[in-house]
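Colleague: Chain by chain, the residues:
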Amino acid sequence: MATAVLGLAGCGSRDTRTTVTIWHQSRPTERDFLVAEIERFEADHPGVRVRPLYKETEELRAGFQAAVLAGAGPELVYGPSDVLGTFHTMGIIQDLAPWISAEERDAFVEGAITSLPATDGSGRRAVVQIGDRFGNHLALVYNRRFVTTPPLTTDDLVRIARDNTVDGDGDGRPDRYGLVWNYTEPFFGIPFLTGFGGWVFQEPESEPPRPDLDTPAMAAALGFIRDLRERHQVTPANCDYELADSLFKTGRAAMIINGDWSWSDYLANPSIDAAVAVLPTVDATGLPMRPMVAPKGYSLNANASGDQADAAMAFVRYMTSDEVQRRLLQRLRMLPARRAAWDDPLVASDPTLAASRKQIENGRLMPVAAELRAVWDGMKPAYQAVLGGTLEPAAAAARMQRDTEGFIASMHQRVEPSPLVPVLGAGIGLALFVLLVRQWRSFVALATDLRRNPTPYAFAFPAVLVIFAVIVFPFVWNLVLSLSDMSLGRFRDWRVVGLQNYAEVLADRRLWGLSGVFLKTVLWTVINVALHVTLGVILAVALHGPVRCKAIYRLLLIIPWAVPAYITALTWRGMFDYEYGAVNLILGKWLGLPAVNWLGEPLRAFEACIITNVWLGFPFMMVIALGGLQGIPEELYEAARIDRASRWQQFWHITLPLLKPVLLPAATLGAIWTFNNLNVIWLVSNGGEPQDATHILVSYVYKSVFNLYRYGYGAALSTVMFLILLAFSMVFLQRTRATESVYR
Amino acid sequence: MREPLRITILRHAVLLAFVAISIYPVLNVVSISLRPGDRLRSTDLAIIPADWTLASYAALFTEQPFLRWLGNSLAVSAAVTVTGVALASTAGYAFSRFRFIGRRATMLAILTTQMFPATMLLLPLYVLIARLGLVDTWLGLMIFYTATALPFCVWQMKGFYDTIPASLEEAARIDGCTRGQAFWYVVLPLATPGLVITALFSFMTAWSEYIVAAQVMQREEMFTLPLGIKGFQASLSSQWGLYAAASILVSLPVVAVFLSLSRFLVNGLTVGSVKE
Amino acid sequence: MATVSIRGLHKRYPGGFHAVRGISLDIADGEFLVLVGPSGCGKSTSLRMVAGLEEVSEGEIRIGDRLVNDIAPGDRDIAMVFQNYALYPHLSVRDNMAFGLRMRNTPRAEIERRVSAAAAALSIESLLARRPRELSGGQRQRVALGRAIVREPAVFLFDEPLSNLDAKLRVQMRAELALLHRRLGTTVIYVTHDQVEAMTLGDRIVLMNHGVIQQIDAPLAIYRRPANRFVAAFIGSPTMNFFHGTIRDGGFVAAGGAARVPLDGVAATVPSGDAVLGIRPEDFVVGGGDEDAAAFATAEVTVAEQMGHETLAHVSIGGATSIVRVPGNRGVAPGDRLPLGVRAGAMHLFAADDEGRRLA
Ligand SMILES: Nc1ncnc2c1ncn2[C@@H]1O[C@H](COP(=O)(O)OP(=O)(O)O)[C@@H](O)[C@H]1O
Ligand SMILES: [Mg+2]
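Residue numbers (my numbering), protein chains in the order written: chain C, 1 to 744; chain U, 1 to 276; chain Y, 1 to 360.
Honestly, the hints are just simulated from the structure, not real lab data.
There may be inaccurate statements among the hints.
[Said to hold, decoys possible] Footprint (simulated), chain C over chain U, 3 or more residues, beta carbon under 8 Å:
1. 56-67
2. 133-147
[What the hints assert, rightly or not] Over the 12 Å line for every Cβ pair with chain U, so calculated as not near, a few chain Y residues:
3. Pro107
4. Ala148
5. Val253
6. Val303
Glycine included, C-beta positions come from ideal geometry on N, C-alpha and C.
Excised from the complex, chain C in its bound form:
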């Protein structure tokens, strides 16, 4: 099998070079630089080939974990340091200490090489990443058309912002805002926190680090942010990254807080005159607003060994050589990781680089601990609630602390194998055995029927084989996982521990309560499928008959299906924007209705998700219904007309019953897909926002698995979801008799 497959892959080229694969998170402009350097490197090292592959942040993280678990994966991963704690704890990256001596390390800027306590408990520190550049930090970007000198203090900031929040056409909505930034990510709120003297972890940092969010500094920072929006009214009511970005790019915002990745775009944009400045000092404390700073660099796959590991590290050494570092500075205008390059005259002469360097120097190194993820997740809902005006700063700070502690606790939750595991194993074995014995007669009957009457089996077998070949292993794997303690701390060495995960799932009040995720999922599914089917049938019936321009209508109506959902869902998110979204503009202009805060209020956000998903799904049902309508003989309608049936009666007594065999499978599967539809919720509500209140079961699973690394728990919840759907389908199919046909 494997050889046949390799043959099919047909990569024919007999390349004997050692191949080093890199998964990287370089931004578009940086990719060209990387490719150019790889060419130079390969010219110097004829025996090595380097293959870069861009992966988006989440994809890289999830994909790399899976790949290492499967014993494969790229030799190198390149990206910011924030995932290192996770990778290190999981044991999927190697200690780089053997490749880099102490002297070599000294040539790097402080913080550019990341090391963490070795997991073997020896007290050594393992080098987990060698950085090649520094940054990922926020600063203030201002449009010189509106702002001549950037603010040095927060009072300046407020004053300048007020001056620049103008409503030129006097329609009550500012045409320009003084200041914008991304409200959705707490990362963007960190400079405020540091400016008021706070930090995310207790200091000095303990092992594992403890969150320190319920502080006066946090409350003050949140209060300041709220004042910007409510008292000074210099920032939009709602603002995510893309809105802030677009506002600034179109000159509708005077200042933006954004990271170094975005600056070159702003500087190059001809319609604005952007410049970068250091974030101001907070007047109340006298402290500067300090953004988080992180190195970006290379880590080595735990599976890499021998020539490949050596070649990979040779490449890392090359990329961190003085020569390449200087080119990096010149080409990309980014601050490199080695001291030597920092003293380049360019750094002082280029105003952006100078500001960037200054901002880095008063920045704070981003913690690499896996717990940071829990901090972000814990901060996000309360942070957004403050910005949404539904929570007081002090209460928000308390809630952040509480939530974060909860997340960290569940992240580190250690489950001891239950003494009942052998009993459980025996039980499962026994159950299987009993099942086998009870079904034995069916098997015998099957064998004889197969010999006597092989046709149906031959017809059904190929499809069944393909379907189950793909699903059986992952399915069983998940069942086993659901009985295991696989988690951040036990990623590669997980054990079967018993039914604890299930107990936890069943006891989770967030899931099963009256306003819990489960009921919301049911609601989500029912509303969506009902609307899909209803709209699909209505449109199909409207199309079915003597209609002019039928083909054009039909074509235009399937457009929502044809255009990839990953972009249209984002467009819908834009259309739901409070201030600028088409939905509110249309509601206000044409219907005179008040604007709805679609994405800021939990229920509204849920409605927004439903609207989007209905839009995405009705064309499919329409096509199905159209196909089904073709099978209904015209005579039936003629007969009905003779019987003086009204159109409505014809629809109700002929169309619907005869559409049933075609619509039922589609509706059943539609319900299953909708129940498990992650994309729309994720894209429209940006991962369950606001306040983690728009989750349905699968996004909840996704979050617990990919943010909190609770694989065992996630698998158990998935299995429960599976059982729910199974029960539903069995009842539904039984009642509708979908496995039988209408005619016989």
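Let chain C serve as the given structure and place chains U and Y with the ligands on it in line with the hints.
Modeller: This is chains U and Y with the ligands only, laid out in the frame that chain C set:
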């Protein structure tokens, strides 16, 4: 018989309203693709921005391996469509016409494969793909896509066969057909609308998928279109212009496929064949 | 052409329903055999077993000398016309007719010849290029027939082929079918629930009920000597009148004595006791007894249906309703009291039990 005017008006009113709802968000995507400077959001309702440009479209063809991705995607989708239709049309027939042991159980089991949240299956799926040496192969992708599309297609075909009178096949068998021939010459032509939907669905499954593709395809020259397009999206610094332009272009083949298939969604195939 | 022989045929459906319960039959070469019975009695099932569309649960079917139980329908040398026509909707009339021949790799020229001939015989030449949906019901029926004819099979199987036609067309097609059979001389098994079709078309009739054969005989023989009350009631229109009574003193007494008739010559073979007397509406003689008829009862007319050439009089005899056929258009009106006699030799005596076997 001609329709009363009010019904005609009603039809067009409903259709026009939904056409507007259908295309407006897509026009937004067009708008994004025409904006310079990667602006995802705009502050007004204008579809054609004042500073519109076709630069993103040009860049797709000149700076990006767009055509290569397109070719890959077309190849994979075509292969999946053909296998999907072939397997679903036969299996659906068995489930519709024969009564055999395990029939209902198998049909239900086919449905169950859709019930497990796909995100949880990704990790073991990757392990499977890697162990079988299917990384960077078309075969791996094809098998997976076919398996994904099949449950729906099988059920759908079964539903369609159910509406075809059994006496037609009986007539064919008396006319000397084997069951296979009766299927091929009589049933299959009558199930054309079902086949069209199956084909469309299989095509779409393969055409728009990127999560699994990202796991299987590790070399840029093997990328499918969605995978290539997703590459324009980076956290906080996406190339929205390219992303939108490519999304629009990627929909065109779907529209073309639909156009060419939809003439088979014709009226009343079985009309006149039997008198019920 | 061939004989068909059926031995101890049973059909049990997967659900357990026993639809055909042991029927045995021999059909002669060239015979037109009609299977008749009420709806649901197992006629179609039996026919479909002969066709090979339904598996045989028990018993044997031979066509010619060949045991066909396990032979595919296409290889049995039969053709079948379905009640719902079952035309291939995606094929033209010509292709519908040619389909079976193509499946048998018949040479093109031969197909062309046979299709033309059959089309001419059924006068559907002008329809050959059309699709079934473009045909009227009668035309569809002809095409279905044509499809069977071109095959030149050894046996024709018809499953209620005329039941979807309107009354007039049905009469016309019935005659054409009879003509066709005379011309082709092929063995025919014809299923119908309509006794008129059975009587007019069949060389012999097989009457079934509840999966069991009630009687096999020539149409007139069945009409004259129905083997039991069920057959008697099924054949003939309007249906036979039944009188529950007793045989006493060489005569039959019914309706509490309101009706009585001597059983000359019959009484000897029939024991005294309860019995059912059957008299067809046309076997009554109005005017009481004479040398051809025995006096029966005096009846009061409740309804008189004037048919033109005859009158159907619904009469009450001691409270029980019967139908009397009065030839010609003699004025009969409700309220009239008619003295009724029974034509000699037209009395059918049946057992009074559920089975209702013929006594004499
Ligand atoms: N596929 C089947 N499964 C179970 N019972 C059936 C099936 N087909 C027919 N029957 C039953 O068998 C009996 C005889 O049917 P059939 O032969 O079609 O009657 P008819 O004499 O009207 O043609 C009926 O009672 C019918 O309900
Ligand atoms: Mg019948």
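Colleague: Each of the hints needs a verdict: does it hold here or not?
Modeller: Each hint tested on the structure:
1. Judged by the Cβ-Cβ criterion of 8 Å, the segment 56-67 of chain U is not covered by chain C as claimed, because only 0 of its residues qualify and three are needed.
2. Only residues whose C-beta sits within less than 8 Å of a C-beta in chain C count toward coverage, and the segment 133-147 of chain U has 12 of them, enough to reach three; the restraint holds.
3. Even its closest Cβ contact with chain U, about 15 Å, leaves Pro107 (chain Y) beyond 12 Å, as expected for a residue assigned away from the interface.
4. Consistency note on Ala148 (chain Y): stated as away from chain U, yet its beta-carbon is not over 12 Å from all of that chain's, at 9 Å minimum.
5. Look at Val253 (chain Y): its CB is around 51 Å from the nearest CB on chain U, clear of 12 Å, so calling it non-interface holds up.
6. Every CB of chain U is more than 12 Å from the CB of Val303 (chain Y) (nearest about 35 Å), matching its label as outside the interface.
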